[in-house]
Structure formats: C-alpha cells, structure tokens
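K.L.:
Sequences listed follow chains A and B, in order.
For the first sequence, UniProt numbering assigns the number 1 to the initial residue and increments by one for each residue that follows.
For the second sequence, UniProt numbering assigns the number 1 to the initial residue and increments by one for each residue that follows.
Hints in this document: simulated from the structure, not taken from any laboratory.
Errors might be hidden in some of the hints.
Unchecked claim - Heads up, incomplete: computed chain A residues facing chain B, CB under 10 Å, no partners named:
(1) Q154
(2) L161
(3) R166
(4) K170
(5) T318
(6) D332
(7) A367
(8) N369
(9) K379
(10) M389
(11) M412
(12) Q464
Claimed, not checked - Ranges between beta-carbon positions, derived for each pair:
(13) B:P221 <-> A:P12: 57 to 67 Å
(14) A:A253 <-> B:P289: 57 to 67 Å
(15) A:P185 <-> B:E72: 51 to 61 Å
(16) A:R227 <-> B:G148: 34 to 44 Å
(17) B:E409 <-> A:G186: 41 to 51 Å
(18) B:E409 <-> A:G41: 38 to 48 Å
(19) A:G186 <-> B:N151: 37 to 47 Å
(20) B:M87 <-> A:D285: 46 to 56 Å
(21) B:T217 <-> A:G41: 50 to 60 Å
(22) A:P49 <-> B:S265: 28 to 38 Å
Cβ coordinates follow ideal geometry from the N, Cα and C atoms, glycine included.
Number of protein chains: 2
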Amino acid sequence: MNDAYLNFVNSPFGARLAGSLGLPKPEVLRRYHADRPEFEGLVAVGAGPQPRILDALAGMIARTGMTGVAHESAGLWIALAHRHGLMTGRFEPVERGSTQGRMSALLFDATGIEDVTQFDSLYAFFHDALRSLGKCGRIVVFGRPPQGCANPRQWTAQRALEGFTRSLGKEARRGITSNLIYVAPGAEALAETTVRFLLSPRSAYVSGLAVHIDTVTRALPDFDWKRPLAGRRALVTGAARGIGASIAGVLAAEGAHVIGVDIPSAKDALDHTMRELNGTPLAFDIAAPETPAQLAAALDENGIDIIVHNAGITKDKTIAKMTETAWHSVIDINLAAQERIDDALLEAGTLRHGGRIIGVSSISGIAGNPGQSNYATSKAGVIGRVQGMASLLGERQITINAVAPGFIETQMTAKIPFAIREAGRRMNSMSQGGQPVDVAQTIAWLAHPGSAGVTGQVVRVCGQSLIGA
Amino acid sequence: MNDAYLNFVNSPFGARLAGSLGLPKPEVLRRYHADRPEFEGLVAVGAGPQPRILDALAGMIARTGMTGVAHESAGLWIALAHRHGLMTGRFEPVERGSTQGRMSALLFDATGIEDVTQFDSLYAFFHDALRSLGKCGRIVVFGRPPQGCANPRQWTAQRALEGFTRSLGKEARRGITSNLIYVAPGAEALAETTVRFLLSPRSAYVSGLAVHIDTVTRALPDFDWKRPLAGRRALVTGAARGIGASIAGVLAAEGAHVIGVDIPSAKDALDHTMRELNGTPLAFDIAAPETPAQLAAALDENGIDIIVHNAGITKDKTIAKMTETAWHSVIDINLAAQERIDDALLEAGTLRHGGRIIGVSSISGIAGNPGQSNYATSKAGVIGRVQGMASLLGERQITINAVAPGFIETQMTAKIPFAIREAGRRMNSMSQGGQPVDVAQTIAWLAHPGSAGVTGQVVRVCGQSLIGA
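With the rest of the complex left out, here is chain A (with noise of 0.2 Å):
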C-alpha cells in the first residue's frame, strides 16, 4: 500500500496531480496529552476597526498562559493585555531559518468590520505573519453572526470571513488549522471554551469551521477547567470500541461518570471498556422498541447531563442493489433510535436542565456518497434534528449539536478498499485520515458547561476535508 503511493506520487504524472490534490508530506500533528503543556508559547494578534473581542480575548490569552504579541493593526491590545496582567510585546515577523521560537497561533478580531472596504488590516495582519506561525499552528478570526447584522453591507463583509478563513486553512498547510468564530454582541464572555478548543491540540483536525456563538439566558454553572465535566453523567451510545469508546474515554478523563450502552453481542467489549473508565455499562439494543423506556428507568434515580449518540451501522449498496432491510436498518439506527431516546429521556425529565445532546453526522449526510444513500439520508437527518429541535430545547438550556466527522482511522475505514481509503485519507487540508480522539474531543468541547451558547450547529472533524456540498 505504502509502496504504490510512494511510486505514484514519485512518476511524473501522479507528482503533478498529487501535488494539485495535496496528497503529499502529510504533518504529524500535535495532540492533546494530559501530561504536556495544552498551551504554550506565543500568540500574534491582529485586529480591524473597533474591535470588540479583544478585551475579552485578552483575559483569555492570560488564563492559558499564553503570551500575546500585537500586531500594529492592534494596538489597543497592549493596554487590554497589561489590564490582565498578561505578558505582551510588538509582533516581529520570524525569518526564515531563524532559530526564534514561531508562533502557536494567529488571533484576529474582525468584530468591528463593517463593510468590505475595512478588509486591509485583516490582509496585513496575515500577510505579515502567516509564515511565522509554527507547525501544526492555528488561526483564528473572530467576527459577529452575519444574520445579526444591522445592515447588508456588514453582513456581508462578515460573511466574506468564511472565504476568507477557509482559503487561509487550505494553504497553510503544516498540519495548521483554521477557524471562523462568530460572536453575537454580549456572548464574548461565552466564547471561551470555543476559543480554548480551537487554540488547543485538542482540535487537531478541525479546521475550516464557522462556530457561532450566541448569548443564552442563564448564567453559566461554575465548572473547574480541568475536570470541566466532574459531577456530571454521559449517555455514549455504542461506546463498546472505535469512535464510541474514544468519546467515552475522553469525557471520562474530563470527569464525566459515563453510561456506556452498546448492543448485547458487544457486552463483553463494553464491559471492558466500562471498566476501565470506572463507568456504566448498559447492554441495550438501541434498535429495540422497549430500549427507550428502559433507559429512561435505568437512569431516571440519578438523571443525565449529556447524550452522545455515537452508534451507528453502516450497510453500503446502491439504491437499486440495496435491499429493504439494509435501508431501512440504517436509518432506523442511526436516525430514528436518536428520536425515540431523546424523546423518552426529554419526556421522563432524565435529561437534566443545562443538558448537552451530540449526534454523530457525517460528511456524507452534507455531501452525499455513492451507495451510502441509506447512511447519508441518517445522517442528514441528524443535521436535522439539530437544526430543528435547538430552539425547543433552548427553553431547558439544553443544548443540541452534531459533529460530522470526514476521514477517520477506525477498523471501519481499515476495510474500505485502497483506492477509495487514500483519497479519503489525502484529500483534506492535514492530507491524512483522523484519529477517533479527534471527534471524542470535539464531542467533549460540545459537551463542556461552558459551551452553552453553541447550539443547532454541525461541526465538521475533517481536518479541511475538500468534500463537501
């Protein structure tokens, strides 16, 4: 396998459209490691006309630990940055072959642009500084919600952003990232464990993304930002193995106590997996009519914060070849499953006020795929149950949100066949396939207290993949 890649993308031929596809030199990306440092080093900041976020940002920067140096289109930034008591300086471009340290991160704040004319600090600030940003860097701009501006002339420079962010993430290459977050007025102080995330090698592979964050109504609960989920229970539907036991992993070491389900055919997995978590597991048939009530009953003494639904089948054929039991199991397990728990838990009152619910998308369910038609109609639908029930359940500060995962590494991907499986793995921003810790730390983001004003939205974890609609 390795071998005819490495022959293609050395002939003439296969050099000149691997170059064009970025299949090669994919970067070995950094990783979040609970006994290395999750921030470190220095942050370049740039900024337009009346940026809003910076003061907020500021604050931010310095509970990282981090050092932020200002670009000269931020000059309010030195003042906000001694304010917090955070170290700073004047951003100095990093030559080439230099042995000075490069950037972790670019940060800018196009909060306050309001027409396509203010655009040029937002082209210095990355002019000058994209190539001091270090492997496996990360960019970040920050405006506001384009469909909660005043006028059309700002919605649309504020819509440009994503254009503009996602050109940037393709051509930076080197394993970085980046992303878009849109702050509505008065949420800055909400955007803080989205700003985290994305700065964070947590996010190893999400780029290209358009995060919106919006104001909510409460205060948000207290939490400790190293075990932000402690106290907390999560519901991980097929956590026995692969993406399922990854999320459950990660919320776990986040401090979550979590109920794994998995079918009874995998009990002796789950338990494991349980186990080793100090969790719950419960064999139950998702597909099965009396599972919702049943977990309703299981869980109803201690109640739930969050629901994860991770399991998911996969039974590929085209539409003339498919039979009526491969479509109509996959989406009953992946669609229709979600709806009769969600519903059972939402009615019982099981999941708790201030509640997270994850769904597990696709890029197929944005995209389509050839002979997925039954799996990309489920997981289209769950885009749609996000997009349809977040503001019902605003009511209980519930949050509803989906991830999309493109190409990951799991034993399901292993039996793809090649051809398919490289450009899969090759066509994305990182050119190379996830890790199931890329979406059990994204679902974690979602999942965190502190990301209560992110909600009805579809995160992609596709490292950049190009597929998409």
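Mind docking chain B on chain A? Use the hints.
P.N.:
Same frame as chain A, now just chain B:
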C-alpha cells in the same frame, strides 16, 4: 494532456484511484438547443404518504408535453393526470438491454413525509426505478422547507432528503442530475419554473441542489413560456467575452434586451457581442467611483429589470506573497463594485419592482481555495449579499440570488496548470467541466419572472463537485 490521462487511468493504480474519484467515462451531456424538443419522453412518478404537490405537478408535466407514469407508491397520480388531460399509465421497470425507451426523469413527492419511519416508499421508488432512468436523466425530489416544519420529527425527515438526493446524484452517473426542491405550503404553483429548469437540458451541469420555493405576496406577472424575458431589460457586467457573453446571449434568446457592460479596453469585443444580440454596449469600468451614478443615469429613462453581476477578476497568490493591490482590486471589483452599483440603482429606483439581482459567486467562495484568499473572500461576500439583502428587497418583490460555478471551461481555466485543471474537471458527478452556457442558463432561470419564489439562495453550477464546505 489526453494521453497522460488515458495512460494514467489505464495503469493498475490509476484505474483504482480513478474509479474511486469517478474519473472515467464522462458522458456527453445533453444541452438545450432551440431547434430540439426541450422536454420529451416518460416521467416516472413516485410519492410518499399524503403527497401535497402531485396535483400541481400533474399540471406542470402536462404543460411540458411529457408523459407521466405512476409507480405503485403514487396511485393517486393516475386520477390527477386524467384531470389535467395528461397521458399516463403504470410504471414498468425497463429491463437491461431492452429496446424500450428509458425514463427521462424520476420525480418523487416527499412533501407529506412527517417522520423518518415514512421513508419506505422513497426507497422503494428509487430502488425500482433508478436503473430505468436514461442517460442525462433527471431526478427531482419534492419536500417541505425544514425550517417551516411543524415539529422536529418532520424537520428531521425533510432535512434528511438532502443526504438522499445528493447520494443518488453521486451514484447515478451517466450525466444524470439529482436535485431537491423544498416547496413551502401554498407555493406549489410558484415551483413551475424551477421544475422545468431542473427537468430541462438547460440544467445539464446542475446537480446536488436543495432549492427553496417560498410564497410571495403578489401574483406572478403574465409571461410567455417561449420568450419569458420579452420586454425586460437586463444589465450584464463583464459581458464582452466568456461567461458574461454567454449570459448575455441566453438572456437575449429568452427575449431580454441586454445592456452589456465591460471595461473600456474590451470595448471592441463588447460592441461585437452586443451587436449580435441587438443589445446595448456600455463601456464602463465598474471599479471607477463615478460608474454607479453614470450607470443609473444611462439606464434611468427605461429602467432595468435584471442585474447580473458577472464581472470579476482573479489575482492568485498565497497571502504571504500577495500584494496589497492584488488583495484590494479583487475585493473591490468582485464585491464592493456590486454593492456600489446596486445601491445606486436601487436608490434611483432604476431597478424596477419585481426585479432580479443575480451575483456570480464561486465554489471557492463556499469552500475557500489555496492561493485565492482575496477571490474566495470576495465570492463568500457575494453569498453574504444575497443572504443579507433578500428580505429587504422582498418588499419590492425583487429577488436576489447567486450562482456558484465550479469548474467551467473558459479561457481562464484553460490557463490553469494541467494537474489542477484535470482534477477540477473530474472531481464531480459529471466527470467533466461545465460550459459557460450552463452558468448562463441557470441565471436565466433565476431571472425568469416566474421564479419569484426563489430568493436569498446560492445555486451551485458545478456538476455536483466533490468540493464544498
């Protein structure tokens, strides 16, 4: 070039990679010609429970002159077809190798689906019928706009249709397009221009869409299906050559008087193009500050009904190498000039009540593109304009939409380096680049007086490109 491609797809590794990317066997797409029938052959009709658009659809199909046959899921069709004086019968699958004519289109009415447990007939219809669809056939699924659904389950089911139609588009191949039309309750009659466009060879390179048809507050004007733009005046920027000249040509063929704008240095080409169309050339530099007022003055006497913002430039470089001039000129010409011109024409009342604004965006504006941070920003901004202005303009019954071309064969794309060009051409469900006329026909649909229910939308013209966000 062709040899390298042929050699590659015939090598063992190349054949496998090519197969997975959909490189082989591009179909010669059937396109619209005035001297050939636009609609012909058999349409198979399927339906879910309580289909709400079948009645309107029977009328539309009758007016095209096609014949509709009913799948067992759409038993109601026979009676409706009779009422509309439409030839009809029962759908029979076409056997492989049969001399019997294949279907021209498969239509499915999913408007009544309220829950994902009601998808069985969706599966059954396409399972039975997809193989009977001929080359360059059409798939159209009808649903209800998710955001207007009464409850989350209905929203989920309706939203799930996107994953389904996109998957079918990707697996059908053979020049077949697959699109979804979300028709708001009460807007059934407004869907006709969209249904016709998506059934017509005019939409040869349009696949994977989810178009929304909303109700409008005024009755549609009368129009002639043969020359729907008769009596209308259309301003087209960048009209001298390429896509702009094609847009001008199609709008003129539909009956519009075209006022073509291009820069003074392209005056000869512009004059030539306009002479052929009995149009009016206006040699203006859209970037010049005085142009909006001059345009408004030049158009004032007769007003204008349609504005197509087609003029655009590229100045590609990575952000670190991009000059400030390259940044600024691309944003200014591709985006800010549109704002200045529209503002002037709207303020002066030059764009008439019931008018149409169509901006040209790009897949780069959706997904970002390396080396195009300026261009992608400008094209994402075009999306922002459309979304930000639609409700304001709705007060004057003016619609605003954008087209987002993928890889279109032009003099500009002919200069793209080989491998990038080749990848762009093949990485879509048609395995080929589109033609300028594909963009032009899509714009003509949006410019149609009957397309009043389509506004605030971004329509990809990309052969269902893999690339997206």
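K.L.:
Work down the list of hints and note, for each, if the structure agrees.
P.N.:
Evaluated hints:
no., hint, in the structure
1, Q154, "8 Å, holds"
2, L161, "7 Å, holds"
3, R166, "2 Å, holds"
4, K170, "4 Å, holds"
5, T318, "5 Å, holds"
6, D332, "8 Å, holds"
7, A367, "6 Å, holds"
8, N369, "6 Å, holds"
9, K379, "6 Å, holds"
10, M389, "5 Å, holds"
11, M412, "17 Å, violated"
12, Q464, "8 Å, holds"
13, B:P221 <-> A:P12: 57 to 67 Å, "59 Å, holds"
14, A:A253 <-> B:P289: 57 to 67 Å, "59 Å, holds"
15, A:P185 <-> B:E72: 51 to 61 Å, "55 Å, holds"
16, A:R227 <-> B:G148: 34 to 44 Å, "43 Å, holds"
17, B:E409 <-> A:G186: 41 to 51 Å, "49 Å, holds"
18, B:E409 <-> A:G41: 38 to 48 Å, "47 Å, holds"
19, A:G186 <-> B:N151: 37 to 47 Å, "30 Å, violated"
20, B:M87 <-> A:D285: 46 to 56 Å, "50 Å, holds"
21, B:T217 <-> A:G41: 50 to 60 Å, "57 Å, holds"
22, A:P49 <-> B:S265: 28 to 38 Å, "35 Å, holds"
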